[in-house]
Amino acid sequence: MEIQTLSRTRRLLLLYCSFFRITALVVGGGLAMLPVIEEIFVVKHKLLTREELLDMTALTQTVPGIIAINSAVYIGMKIAGVPGAITAAAGAVTPPFTVILIIASLFPHLDPKNRYLLGVFAGIRAAVTGMILVTGCRMFRRTVKNPLEIAVVLIFFVLAIMKVSPALLILAAVPFGWYYVWWQTRRLARAEQSNGDSSKVSAESSAESAKNEEDGKC
Amino acid sequence: MLNHCIILFFQFCKFSVLCFGGGYMLIPLLTAEYVDQEQVLTMSEFGNLCSVAQVTPGPVGLNTATYVGYVNEGFFGALAASLGLILPTILIGCSAAAGINRWKDTFLVKGMLKGTRLAAVALIMFAVTIFLGMSVFTQTIPWEAFGALFKLARPVLPEGFRVSPAGVLICGATIVLMLKTKLPTTALLLGAAAAGAILSAWF
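Protein sequence lines, in the order shown, are assigned to chains A and B. The first sequence maps to residues 10 to 227 in the working numbering. The second sequence maps to residues 2 to 204 in the working numbering.
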């Protein structure tokens, strides 16, 4: 294994430089970084296996936080422990931080009434609208499995429009999720107990799990 | 100054912990905090800053955080916001990387994931409506006006609220291109920027 031959400092340096490069070059969200991460850490340096990368993809979307930083922290942790996690995160932060600072300091010098400039911004905003919509629809298809869940999403949506604080909504969603999962497992257990329907229920649940696996893939 | 930076730091710590489902989740959180409540930004400024965040390389969430911090408190504000955004991630990530396989299938984690994911879907759709008000429509969508529908009355739309043809065109084209082709995000954004500049000469 190459990981043993690289000294600790070299590993930290590699982490910093790799994540610096990744966030400096990749435009778009955290998931756009994945192919580049695979290229650097799996193919080139062989510090991670493909399975570990898959685990990471699942994990980074599970824990809260920005996906890009989540991946940096997880990979850093795998390769060089806690110092690695901090170095990788620092590497990921540096380029966007610098670039945005430069742009932000240039912003006041731009002519706010320039027609073409306004057009450029309007165009990008329209494109971003489409991108968020597509991302949202993909999430919807992956997450929402039955009419009840559609209703729940709708209720959250209406509450958000009625200016309920989004932070409060997310916090409220946690106990709701516990109740929902508890209710579902109880319902499944009951259905299995009534022996008349047992074959039907097991067929249904296996179909559902197959569907879940399919969704997990895409 | 220092106080403000500390407040920014903890605000972004909060956002980071609540940010289930990627950087777009920051949009509703940030608008609620900085546009509706504290009013340090207007909606159109926020729209422009999200555009900049999307076009420049790097994760959208981090770019937005840096920018919001800079607008609030200059260089140190930007630093505080970025650090606030990554600190909880480092803490959670380091503990999660060690224990996630043991915890993954427990009732507590499963329930939390299910609930927050449903909320995240709803909030991202809400983020879409925020953005629709800045691109496809000329103003923020007037939800209060639609309340009239419950009284079976015709909603009275405010003056100046209309559909922007250029916005519809570019938004629609982006969606179609994203679904039908594998064009990289950069190409889509550059195309949209060029189209926006050209269309602005017409409308």
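Treat the hints with care, since some could be wrong.
Pairs of lysine-lysine, BS3-like flavour, derived with a Cα cap of 25 Å [what the hints assert, rightly or not]:
no., chain 1, residue 1, chain 2, residue 2
1, A, K172, B, K15
2, B, K105, A, K172
3, B, K105, A, K154
Which residues of chain B face chain A? A few of them, derived with a C-beta cut under 7 Å, are [to be verified]:
no., residue
4, S52
5, L88
6, L92
7, F127
8, G134
9, S136
Source of the hints: derived by calculation from the structure; they are not laboratory data. Even glycine gets a Cβ: it sits at the ideal position worked out from N, Cα and C.
Status of the L92 of chain B interface restraint (C-beta, 7 Å, chain A): Cβ of L92 of chain B sits 9 Å from chain A, so the hint is violated.
Interface hint for F127 of chain B, Cβ within 7 Å of any Cβ on chain A: 4 Å, holds
Cut-off 7 Å, beta-carbon criterion: hint that G134 of chain B touches chain A: Violated - the Cβ of G134 of chain B stays beyond 7 Å from chain A, reaching only about 9 Å at its closest.
Hinted pair K105 of chain B and K172 of chain A, Cα distance within 25 Å: 33 Å, violated
Straight-line alpha-carbon gap K172 of chain A to K15 of chain B, limit 25 Å: 19 Å, holds
K105 of chain B paired with K154 of chain A [C-alpha distance capped at 25 Å]: 20 Å, holds
Cut-off 7 Å, beta-carbon criterion: hint that S136 of chain B touches chain A: Holds, because the Cβ-Cβ distance from S136 of chain B to chain A comes to roughly 4 Å (cut-off 7 Å).
Minimum beta-carbon distance criterion (7 Å), S52 of chain B to chain A: For S52 of chain B, the interface hint holds, since the closest Cβ of chain A sits about 4 Å away, which is under 7 Å.
L88 of chain B as chain A interface residue, shortest Cβ-Cβ below 7 Å: 9 Å, violated
Checked against the numbered hints above, the structure breaks hints 2, 5, 6, 8 and satisfies the rest.
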